[in-house]
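K.L.:
From first to last, the protein sequence lines stand for chains A and B. When we follow our numbering, the leftmost residue of the first sequence carries the number 1, and every step to the right adds one. When we follow our numbering, the leftmost residue of the second sequence carries the number 1001, and every step to the right adds one.
Simulated from the structure, these hints should not be mistaken for lab results. Check each hint, because a few of them may be wrong.
Negatives, chain A to chain B, calculated, CB over 12 Å [claimed, not checked]:
1. Glu7
2. Asn45
3. Val312
Below 25 Å or equal to it, Euclidean Cα-Cα: the simulated DSS-like pairs (lysine-lysine) are [stated by the list, open to error]:
4. A/Lys124 <-> B/Lys1304
5. B/Lys1289 <-> A/Lys121
6. A/Lys502 <-> B/Lys1368
7. A/Lys251 <-> A/Lys362
We put the CB at the ideal spot given by N, CA and C, even for glycine.
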Amino acid sequence: MEFGIVELSRLQFALTAMYHFLFVPLTLGLSVIIAIMETVYVMTNRPVWRQMTKFWGTLFGINFALGVATGITMEFQFGMNWSYFSHYVGDIFGAPLALEGLMAFFLEATFVGLFFFGWDKLSKVGHLTVTWLVAIGSNFSALWILIANGWMQNPVGAEFNPMTMRMEMTDFYAVLFNDVAQAKFVHTVSAGYVTAAVFVLGVSAWYLLRDRHIELARRSITVAAAFGLASAFSVVLLGDESGYSATHSQKMKLAAMEGMWETEPAPASFTVFGFPDQAARETHYAIHVPYVMGLIGTRSLTAEIPGIAQLVEQAETRIESGLVAYDALMHIREQRDNSDPAETARFEAHSADLGFAFLLRKYVDDPREASPEQIAQAAEDTVPRVWPLFWAFRIMVALGFGFIATMIYFFYLASFKGMRFPRPALHLAVWMIPTPWIAAEMGWFVAEFGRQPWTVDGVLPTAMSVSALSMTEVALTLAGFIAFYTVLFIIEMGLMLKYIRKGPFQDVEETDAWVIRHHERLSGRSNADAIAMPAE
Amino acid sequence: MILHTLIDYDVLRVIWWGLLGVLLIGFALTDGFDLGVGALLPFVAKTDAERRVAINTVGPVWEGNQVWFILGGGAIFAAWPPLYAVSFSGFYLAMFVILAALIVRPVAFKFRSKRDDVRWRTGWDWALFASGAIPALLFGVAVGNVIQGVPFHFTDDLHTIYEGAWYAKFIGLLDPFSLLAGVVSLSMLVMHGGAWLTLKAEGHVRDRARALGSIAALVAIAGYALAGVWMAVGMEGYRIAGEYLTDGPSNPLHFEVERTASWLSAYAVRPWIAIAPVMGFLGCLLTFKGLRAGREVSTLLYSKMAILGVISSVGLTMFPFIMPSSSDPQSSLTVWNSSSSHLTLFIMLVSTVIFMPLILMYTAWVYKVLWGKVTEADVTDNHSVY
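Bound conformation, chain A alone (with noise of 0.2 Å):
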């Protein structure tokens, strides 16, 4: 593959989005375990859970603060390196993104500052709300943006105005509604929580390893444990949902994530292991599970999931309709209104397939001097590459299965076992604080990958997508973006780990007061405090 301004640009826009997603599901869970903290806190007075509150606070502010900074560059970026996709789709795709700064990222932006100033300014449940509305305002944010890249995934409610040369907005309630984006956005949001409780019971269990901070680490791992095994199995089965929607929007994907290289007789099979070989169209030492694809992919023993080689055809066709789509959007261009009602109709038959023919446009000027073997290839190129794909998602299923059996076992000790954690068990927690990110990762890395060739699914392919920028231009900002970010990560980890390394520092010598009087309240040593303090 010859490298250049496209893949320049893909590979900064990689970057910068995997780099941003390091930061945001911790800032996504965290913000809901800390409003169920300060809950605790409100209804039971208890002062600990205050200086958890606190403490879980201070590591979500230093995590804040970098999702909020790299997320600035995803707005940018798409009008300075993807200018032509701007123009393109901006008229669907900007609504959402402006969407999110309206609802969503003003409640969380503007209350995160009350968060860390407004304790003593607020009365406990005036602060309480504002925790929450912070939680709420960052999910929020994900919901818009994920009905951003869900139409991106599955572009349902727009179509082609020739007047404009760009998609354009017919149904509003459907790119709300776009099934994709929806059980994306739920996959998503429980995949970040996912993230907060794997760290909060790593960094927990890490204090009860070395015998500090006992008190606030158990009722961690306590609210940790709970909300994680909950979140565990709603991204798992999002993740089914997701892919059930993309057994109808995103054929082409699916087929590459289980290197389904033909049609298989319906319930097809499903590929635990094996190693694809893209040029021989073959899954090497492959193991089978049988009907498993078929029942997740179409719930039913009898519908056919499509090949890759199936889907190549259907391109090929795809192809030469879009190429009258093309031939009547010249002529009606020329024109300059929709005055000749034949070509018109031409262009209306056959422009869902128009973004076909622009694939192309790789190869010629003119997608309508193509050779026939340039359509050949144009088809081929729907493909994406399956070696990465097929991996990435086995790795994300297999941690995220892995999670679930993490979070009962903790759930158990917890609940019934008087969180009396074995040892093995707390060095486990804490080897697990990074695998949430790896399977976040890994799970954006399918979804977009897997898109490819095009950045709108069927409608524009990535290769006319980019602005119009030298390499020089490109690489300098990419230089830029590097650098910059591997000092703000190395200073983000460090402030991170100082922090965990400290503990708790807020509201210490309330607390160990409270501690004190809770267990000789516990050991019945002591009634007179509990009349004092009714509200312990």
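Place chain B on chain A using the hints.
P.N.:
What follows is chain B alone, placed relative to chain A:
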């Protein structure tokens, strides 16, 4: 959906042109003083405690303020996609510099006071200075370029082509007029930051902020006047030629554009727009007097009036142009040819009408909770502050 046709397409376009102005002005009014405080930081605050006071005057609110900018970007994307595509890719390296500043700033706020090391803190203080001053300057430079016209054209399928080699694209932005616009923008926001610090800080920080803020106000007045004279005598304007539709499809290539003697001919056609520059000059002048006299709330309000006047004067003078093209005037972006579709503009308007009042309400509530001066005792006693 038929509902959206309740409001005519051209009316929606004008409303969204106004809302674009509202968002930019909202950004300048709120995040503007954050940038100004950043630019003033090393000069108004000498000791660590003083610097923490200055930082914590904006500490709890800068995050929300910055959303005006992010929302501005989102709204340009949603309501004016061609403008988003042309400006962000055209000003590529300048955008990267702004981006870098906007990334450093949140990080500097959060991380500065998390270590006691003097070098660590001084380093982040200069990062706050740069991430305040540079965007404040560059926003003005960008406006200066837009006023003169930017060298780009569209291909037949509306790909944007920006003229010139990459270094020329970047260095070319820094022409004398644009630099002057940058100085106006920087001095105006420094003045605004000075007014903010006068309200929120005490002692030395407040005194120095008053002194520097009033100097900035004078620079802003001089720069703004000079730019006006320049536009009157030394710069051509643009106008749409021939017949055109105000509610037609958003395609710049359907329009004819020609150069005029000066942008300021707009004041002959629409004399009422003179209110904007008058507000700009008067606002700066009253801020100057307020800072000298040490008045607090009224000074900040005058400073806001100045910003409102200066920014809206640019938009009103250029109307209906949003981003003219100097190399191919026909590609110029105007209110009538570079908006989103009728439906999208309508949906976005409904959302804005619902949510903008809510945002203003809760933002006002947050400012009310945080009302009052930030003192050195506040920053030394509280673990939660920056």
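K.L.:
Which hints, by number, does the structure contradict?
P.N.:
4, 5 and 6
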